[in-house]
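Visitor: Chain by chain, the residues run as shown.
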Amino acid sequence: MDGEKLFATSCGWCHQDGGRAAGRGPKLAGSDRTDEYLLNRIRVGKEGAMPAFAGSFSEPQLRAIVAYIRSLKDTHP
Amino acid sequence: MKPIGALVSMIGLAVVAVGLAACSMAQGTSGTEAKAAMSDTTGNDWMTYHGNYNSWHYSPLSTIDSSNVKRLRVAWVHHPGRSTRGLQSMPLAADGVLYYTGSYSRVWALDGVTGQPLWSYFPKLNDDLVAKQTHSPYTRGIALGHGKIFVGTVDGRLIALDQKTGQPAWDTKLLNSEKLTVGFTGAPLVVKDKVIIGSQGGEWPWRGPIFAVDANSGRKLWEFFTVAGTEEAKKTWGNDSWQTGGGGGWMAGGYDAETNTVWWGTGNPAPLYDWAGADWKTAGPRPGDNLYTTSVIALDPDSGKLKFYHQELPHDAWDFDSAVGEFVMIDRDGKKLVVHPNKGGHVFVYDRKDAKVVNVWPLVKHINFVKGIDPKTGELIGRRDLALGKHQNLCPAIAGGMSWNSGAYSPKTGLYYKIGQEWCMDLEVIKTTPITEPQAQLDIGANFKLRNPEGDKAHGHISARDPVTGAKKWEVMFPEPPLASLLATGGNLVFVPDPRGWLRAYNATTGEQLWSHNNGLGHNGGIISYGAKGKQYIAVATGWGSLVGDEFAELFGEPFKSMPKDSGALVVFTVD
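Chains as they are written, first to last, in our numbering: chain A, 1 to 77; chain B, 1 to 576.
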């Protein structure tokens, strides 16, 4: 399961520089949220801001994406 | 707030004399449809998304002019509520009544003089689906005709409402949005006895159809797939990639009544970025030209058959689609032309009889995805195909050199007024797992970050140009690109709703700013002028938060960092 590929397919359009920088969506690198919070936000989204992906990705895919987010170096201010 | 740098640079070019036919009259047409074609002779009404079939975004009304525009004041305001992603729509006006739609396809009819609601209609939407949609739940406009108002929904329906009462006349499900997530956000277009509407597409992988529906019964009459809509087109998608090709026609097109031709601009192919780089003809996720994405297509409204087309960017690898632009019908030197802006920053001028390229000119400065476009043939010169890996300073950025809102054309000055966007981006193209079935998610294939152009700062401008040659008469610079539509009027004015919240009026001939008013919230929607009870009104949609505007907080800081993205109102002005 390749979280980086999934991210570049459906998330990088809003979370810039592969989630390392803010853009349309917030920066995800270095997030102080819990894994459960991140997973839940990806599943249910936020109306008018972030789409809900529960129906698009399997649980293992969602976890691979979160693992990718956790692997990002927090370099952008 | 300090007025934004209204740097008017007068460029010493004479306005080229423009041989104009007053407007192309509909032949053998009747009722509202004929009225739509001719409304610029009466001037009181605003009958289609683009004003009328000429797509000029021009009102001939001239009561408000350079001598009294300083006295322009708010006549009334209407708050639709739930303006998620701002109010993005273009109002319509007929016989003193203003019609418009807010987010969630909620429609109102308002008294044009007082703003008093006459009726409203809130469709029941599939909320679970709305939550999944990237673009939800804005709606950019409605159509009017046959005693009805027509509105699309993000859950794939086209709805007709009785123009007098707002009661639904019919409600037709056209798209399986639950499976595809795409729906309708653009305005429909009434053509004779039909309502034409294009679906979303682009990075949502399916085949982006355009539909015609019977205006009276709501019955679907035809559908044209912008992805591989003909056998010839299917051959331009290697490995059956047409099944998930994207495309779409998410903004209202135009209609040439003389030749009975519907002109529509199509969306980009999916995935947006192609790791095959320069080998795109034979390799990568969608080998080939990818017809009819990023094209202008001419359809016969009666049969739904393709008459002719021009693909503005063969194998678009940058998300610079053709869905964004208006189809400005202009007659010059005995030639019937149509002017169509492309998101990549060039303006294409076509012959209306066959879509042969007459000219191509760049509207923005920072373009390097191609070295140029041949003005005689439209051929791309020196494409910058993006191979796997990192790329710096690609211009324009994904948000485009132009966005989806419309410019304006004034037959009085012969000038075309248009917003340009100057910004670039760094990106990394990533080889993703090819998507082989239509799916409910974006298909992008890269990570990116917007940036200032090398040696410049990201910014925007409005310029007044000869629409055929591109010769520039004047230009006003803005620190951030305006994202709303423009309006030109018979009072020799051009109205510019800007991103910080100011509505500005300029002298259409010189570019001198004559008036401004702070609406307190950015604009990313429509603006029209209409007449009611002998008075001229200007109606503008306020509200911020489109997918392009979403980039502003990070690029430009305040006031965008704190600007709400769930507000917006219709603000209407007049002079006493």
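Calculated directly from the structure, the hints in this document are not laboratory data. Check the hints yourself; a few may be wrong.
Said to hold, decoys possible - No farther apart than 27 Å at their CA atoms in a straight line, the calculated lysine-lysine pairs in the DSSO-like style are these:
| hint | chain 1 | residue 1 | chain 2 | residue 2 |
| --- | --- | --- | --- | --- |
| 1 | B | K220 | B | K307 |
| 2 | A | K46 | B | K307 |
| 3 | B | K356 | B | K335 |
| 4 | A | K27 | A | K73 |
| 5 | B | K561 | A | K46 |
| 6 | A | K27 | A | K46 |
| 7 | A | K27 | B | K390 |
| 8 | A | K5 | A | K46 |
| 9 | A | K5 | B | K390 |
| 10 | B | K124 | A | K46 |
| 11 | B | K356 | A | K46 |
| 12 | B | K412 | B | K335 |
| 13 | B | K305 | B | K356 |
| 14 | A | K73 | B | K371 |
| 15 | A | K27 | B | K412 |
| 16 | B | K412 | B | K533 |
| 17 | A | K5 | B | K307 |
| 18 | B | K179 | A | K5 |
| 19 | B | K307 | B | K234 |
Stated by the list, open to error - Pair ranges (Cβ atoms, derived):
| hint | chain 1 | residue 1 | chain 2 | residue 2 | range |
| --- | --- | --- | --- | --- | --- |
| 20 | A | S71 | B | G81 | 36 to 44 Å |
| 21 | B | S217 | A | E36 | 48 to 56 Å |
| 22 | A | R33 | B | E512 | 47 to 55 Å |
| 23 | A | R33 | B | R219 | 31 to 39 Å |
| 24 | B | S67 | A | P26 | 46 to 54 Å |
| 25 | B | D95 | A | Q61 | 48 to 56 Å |
In this text, a Cβ means the ideal position worked out from N, Cα and C, and glycines have one as well.
Visitor: If a hint holds in the structure, say so; if it does not, say that too.
Guide: Now the hints, each set against the structure:
1. K220/B with K307/B: Given pair K220/B, K307/B holds - Cα atoms ~20 Å apart, limit 27 Å.
2. K46/A with K307/B: Violated. K46/A to K307/B sits at ~43 Å, over the 27 Å cutoff.
3. K356/B with K335/B: Holds - the C-alpha atoms of K335/B and K356/B are around 12 Å apart, at most 27 Å.
4. K27/A with K73/A: The hint holds at about 11 Å.
5. K561/B with K46/A: holds (18 Å)
6. K27/A with K46/A: Between K27/A and K46/A the Cα gap is close to 16 Å, so the pair holds against 27 Å.
7. K27/A with K390/B: holds (20 Å)
8. K5/A with K46/A: holds (23 Å)
9. K5/A with K390/B: Roughly 15 Å separates the two Cα atoms, so the pair holds.
10. K124/B with K46/A: Holds, at about 19 Å.
11. K356/B with K46/A: Violated. K356/B to K46/A sits at ~45 Å, over the 27 Å cutoff.
12. K412/B with K335/B: Holds, at roughly 19 Å.
13. K305/B with K356/B: holds (18 Å)
14. K73/A with K371/B: Violated, at about 36 Å.
15. K27/A with K412/B: Not OK: K27/A and K412/B at ~49 Å, beyond 27 Å, violated.
16. K412/B with K533/B: With a Cα-Cα distance of about 25 Å, the restraint between K412/B and K533/B holds, given a limit of 27 Å.
17. K5/A with K307/B: Distance of about 40 Å is beyond 27 Å: violated.
18. K179/B with K5/A: It holds: about 22 Å lies between the C-alpha atoms, which stays within 27 Å.
19. K307/B with K234/B: Roughly 17 Å between the alpha carbons, so the hint for K307/B and K234/B holds.
20. S71/A with G81/B: 36 to 44 Å: Holds: the Cβ-Cβ distance is about 42 Å, inside 36 to 44 Å.
21. S217/B with E36/A: 48 to 56 Å: holds (51 Å)
22. R33/A with E512/B: 47 to 55 Å: holds (52 Å)
23. R33/A with R219/B: 31 to 39 Å: Between R33/A and R219/B, where Cβ atoms are some 50 Å apart, the hint is violated.
24. S67/B with P26/A: 46 to 54 Å: holds (49 Å)
25. D95/B with Q61/A: 48 to 56 Å: Given range 48 to 56 Å: holds, Cβ gap about 54 Å.
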